[in-house]
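Student: Take a look at the letters that make up each chain.
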Amino acid sequence: MNTCEGARPRVLEAVLDRGRIVLLALPVVFVATFLIAPLALAFAISFWQRVGFRIRPAFRFDAYLDFLSGVRLFVLERGVVVAAEVTAISLVLAYPIAYFLCFRVRREAARVVLVLFTLPFLVNYIIRTFSWSWLLARTGPVNQALEMLRLTDHPIDWLLYSDFAVLLGLVTSYMPFMIFPIYLSLVGLDHRLIEASFLLGANPWRTFRRITLPLSVPGIFAALIFGFAGAFGDSAVPIILGGTGYQLMGNAITSALDVLNYPLAAAMASVVVIVMLALLLCWYVMFDLKSFLGKILYWRF
Amino acid sequence: MYGIRIPRRDVLKAALYGGTGLALGVASWPAAAAEAVNFADIGVGDPGGDWSRYTRASGGSGVNLVSIGNGPSAILNVLIAGGGTKTYDIINIVGGMQKPLVDNDLIEAIDTSKIPNWAKDGYVAEYLKPGTPGFDFIGYLGKIYGVPTVLQGDSFAFLPEATGQLDTYGALFDPKWKGFVALEDNYTTAGQKTALYLKESKQATIGDPANLTPGEVKAVVDFLIEKKKEGQFRTLWSSFEQAVNLLVSKEVKVLDCWEPMVFVAKSKGIDAVYAAPKEGYLLWAMAAYIVKNPARTPARSKATYDLLDFMLGGWYGARITELRGYMTNPLAPAYAREHPDEFPADKAQRIAAIDAGVKKKFEKGGTWQQRWPTNVETYEAEWARFKAAPGG
Amino acid sequence: MTIRPLAQWLMWLALAAVLCVLYLPLVPPFLFSIDARGTSAVGERLTLRWYASLPDNPVLVGALGTTLVVAFVTALAAPALGLLAAMAVRELRIPRVILLLVLLPVFVPGISMGLATALFFRQLGVPSSLWSICVVHVLWALPFATLIILTVMATFDPVYLEAAYMTGASRWRAFRDVEFPLIRPGILGAATFSMILSFNETVRTSLVQGPLNTVQTYIWSTYLQVGLSPSLYALMSLLILVTVMLLLLSLAIGRRVTR
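Taken in order, these protein sequences are the chains called A, B and C.
Each residue of the first sequence is one higher than the one before, counting from 1 in our numbering.
Each residue of the second sequence is one higher than the one before, counting from 1 in our numbering.
Each residue of the third sequence is one higher than the one before, counting from 1 in our numbering.
Keep in mind that a hint or two might mislead.
Said to hold, decoys possible - Reference excerpt, derived from the structure (chain A facing chain C, CB under 8 Å, subset only):
1) L24
2) R104
3) V113
4) T118
As the list claims (entries may be wrong) - Pair ranges (Cβ atoms, derived):
5) C:C20 - A:R111: 18 to 28 Å
6) B:A295 - C:G65: 19 to 29 Å
7) A:L277 - B:N375: 34 to 44 Å
8) C:I94 - A:L41: 22 to 32 Å
9) C:M245 - A:L41: 45 to 55 Å
10) C:G65 - A:A32: 26 to 36 Å
11) A:M286 - C:L48: 54 to 64 Å
12) C:M245 - A:R106: 16 to 26 Å
13) C:R171 - B:K292: 53 to 63 Å
Stated by the list, open to error - Derived coverage of chain B by chain A (criterion: at least 3 residues anywhere in the stretch with Cβ under 8 Å from a Cβ of chain A; other residues may be distant):
14) 63 to 76
15) 248 to 261
If you are wondering where the hints come from, they were derived from the structure by calculation, not from laboratory data.
Note that beta-carbon positions come from the ideal geometry of N, C-alpha and C, so glycine has one too.
All chains, please: the whole structure from these sequences, using the hints.
Tutor: Printed below as a string of structure tokens:
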């Protein structure tokens, strides 16, 4: 086409650049259209007033007051606490596993093990969770095994329909998700950095603390998001494995929708989103963006 | 040198995406020719996938069954938000939802003259007469909106080998079975049964268990919270599968549930009994509503009414009773008896037995479930308080 | 640097223990699917009739088709969009904002997202169909795909691209030949993730499903109202079996190729 270098290629580059920006903006446009616009509408509705079954545009805080001053606030608190616990436990389990698979295991074996971690997710989530309620029942195999091993003389009640059961259900559901990002960020580490650290005389623990761990922060960040958001928004595990009346935010919102209380449901959803955004912003502030986007931010072209 | 070179791989990818999109677009094209009624059902109304008799009777129309949940939010939101009014023709759910559905302009009144089997359905005349609480399951403001496809009375189940015979809802709150009782997570069933019990046992002043005043709701929930603190309840169940599991694994000894769960438990070898409490039963009916859609073609309208008529017929009624354990319509037991090729003798007997059993429940009476009480929001708020209360 | 073999063995043991706990809930469905009464009292009457009855359920077969199509679309679209989003994060001047926007679907409770999106579709007059289900699934999978790809990109050294440009490659060529192969594991991982997420997505789908069923909404509905048929357990067991066989096959082929 054009053989003359100089002015022409710059125009071409400009066109390519603009086209590229359109392409790169695509995901943002996608989310903006299909999620932000609806969310904005939902957020607006949380201020509207109920008139019978309909809702009328208004600006009142009734729904928020109802939510924040009533019993439902307890559900929010519990949601945050449970999600934090699940994320912490899962991270403590996932990181060593990812580290082991990356550094101490052959690539092919590691790949196979990773696939093994994904297989259970092919089984429907409801069926998996419900299986736990069968396994942990008073007459279920776990209790039977415990009794056979003489570790207890009567069925343990708190295995099921309890905080323990909910934690178990959530951890087994989301911990495998967290292994992958950590593994990916560890695998991509430049091994020469670790070697250099040893050459300079650092012991393994020091190397880990100063080199490996900080460089794997991108993976940890992704893992924390997967774990916390997943556990916080879960609505099946609480009602299948939880005790009498155990519910998390997803269940509470459904309950409000059951009586067509759209402003209240919208208020609850908005508060959930705000809480999550606040946590994300905390992370943004505490950690320099460079640390979890790594080399990406040195991008210049 | 700076030419735009589109790599082969990108062309392939684009072709793949484009081709997929085209294929999907073609695949989601509505099926041509034959009418297919979009039938949203909570699962009870599925006769095992066999709609052939309907197709024959209606001159070629089919049924596209979509499984939905029974929670009010599931139904209302699917219709209001999910564009369900343009998609679904019939929704078959537990009745009594006319008020929110009609007030939100989601269903249309039913012209019973277009349903020949309506007149033959003696249960409508007997149990769902205008002016009686039963009418509230299918009608609103004097008009009929729902076709009663299922009728039933609920109480609770128990394991006789552990508890002996029980005949009062008080068993659910009896400290003897502490930690071995479970309730349904539903204020219109468990809540109403508790109210019925408290009224009959004079533990609270309650006018009509079907429509509690805010004060009465609070009293019922206070009672439940007290029991929860004492550790009376093992859990609140929210699904059929969960309730059956509670019985089959003998996790509980007394269970507030629906009769089909007892049938399923029995089929798995558990000796469970559905109680006949002296306070009476919680009576309810399923209603098939026609979704309001002014753009519905006359052909589809006719197919819809044909389906409603089919659901009040003998074969459908017998099949649903056989599969789900609910009472359907008077033509069902007779049909099962007269067609031994389709319903062998033992099945026909079972159908007749279920039918007779439910009729007995209606004779005994009790309280009609109120799916949308006047103070439903107080119910919901108070139930949230019950759920948030600390347990024992 | 080697570590003591004992420590290695202990770690393998711990790993096996964790995997066992994760696989434990897969055992009951399998047991139920081969028992005549659908209970766990296996050994009394073993049967394969639940497997045989699978094709007889037209709703389930239809739902399976829908689920597979949606999963396929999600596994293609979400990583593609995720890749673009990751590139947008690093090239446009507002990385924090873009990241926030792309992560938004994860922060919104399932039912609120489904309801809001459904209302939005209705306002636009878009009928609920395969497309609305796909949109919701891709929306849900996008943040996960993006994060995974970002994680892999974070380890990719831009110096390679610099080298590519210095030898005269155009942007697209540099991306295709230099960057893409190095972040391919991330993209494959994102695709796998997206497919898994699509396979498990119930609540958001239930509000935009329209006249279609997916396996998840079907299971949810029957679970709630009429009880799970053992044929569903059979379906799940079959799914695992087929996947394991495909995996073994691909492993065997991989071995043969490298030999």
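Student: Hint numbers the structure violates, sorted upward?
Tutor: none
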